[in-house]
Amino acid sequence: AAKRLVEIALNNDIPVEKNDVLAEMLSEIPSGNSISPESFRLVAEIICFLYFADKEWRERHAELDSLMVSGD
31 AAKRLVEIAL
41 NNDIPVEKND
51 VLAEMLSEIP
61 SGNSISPESF
71 RLVAEIICFL
81 YFADKEWRER
91 HAELDSLMVS
101 GD
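Here the working numbering is used: the sequence shown runs in plain steps of one and ends on residue 102.
Among the hints, a few may not be true.
[As the list claims (entries may be wrong)] With a Cα cut of at most 20 angstroms, we get these calculated SDA-like pairs of lysine to any residue:
no., residue 1, residue 2
1, K85, V73
2, K85, A39
3, K48, I59
[Claimed, not checked] Quick list of the computed label-pair ranges, beta carbon to beta carbon:
no., residue 1, residue 2, range
4, R88, L56, 21 to 31 angstroms
5, E93, P60, 37 to 47 angstroms
6, L97, P60, 29 to 39 angstroms
7, K48, R71, 26 to 36 angstroms
8, A92, E47, 32 to 42 angstroms
9, F79, A31, 12 to 22 angstroms
The set of hints was computed from the structure by calculation and includes no laboratory data.
The C-beta atom is built at its ideal place from N, Cα and C for all residues, glycine as well.
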C-alpha cells in the first residue's frame, strides 16, 4: 500500500520524504496512544509540512475546489 501511495504522490507532483528512523518510531506507537515528548517536534514538523503542501497544492489546482470534500 505504501508503494502505491508513493507512486500516486510522485505522479501528481506531491513531494515524498523518506525517513526510515521516523517511520520505524511512528510504527511502534499503538493507535490512539500519545507520542513521546522526544517525538513531538518531528511530528509537528510533519504536520506543518503537510499543511503547507496541501495549501500550495490547492492554490495550484483551484479549479478542483468544487470537487473537494471538506474535512471540517
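Review point. Honestly, do E93 and P60 meet the 37 to 47 angstroms range at C-beta?
Key: 41 angstroms Cβ-Cβ, so the 37 to 47 angstroms window holds.
Review point. Do the alpha carbons of K48 and I59 lie within 20 angstroms of each other, as the hint requires?
Key: 18 angstroms, holds
Practice item. Return holds or violated for the Cβ distance of L97 and P60 against the range 29 to 39 angstroms. Key: Since the Cβ atoms of L97 and P60 sit about 35 angstroms apart, the hinted range of 29 to 39 angstroms holds.
Review point. Does the alpha-carbon distance linking K85 and A39 stay inside the 20 angstroms limit?
Key: 15 angstroms, holds
Check your understanding: Is it true that A92 and E47 lie within 32 to 42 angstroms of each other by Cβ?
Key -> For A92 and E47 the Cβ distance comes to about 25 angstroms; the hint is violated.
Review point. Is the gap between the beta carbons of K48 and R71 within 26 to 36 angstroms?
Key: 19 angstroms, violated
Check your understanding: Cβ-Cβ distance between F79 and A31: within 12 to 22 angstroms?
Key -> Distance hint for F79, A31 holds at roughly 21 angstroms.
Review point. Is the gap between the beta carbons of R88 and L56 within 21 to 31 angstroms?
Key: With a Cβ separation near 26 angstroms, R88 and L56 satisfy 21 to 31 angstroms, so the hint holds.
Review point. Is it true that the CA of K85 sits at most 20 angstroms from the CA of V73?
Key: Distance of about 18 angstroms is within 20 angstroms: holds.
Violated hints, in rising order: 7 and 8; the structure is consistent with all others.
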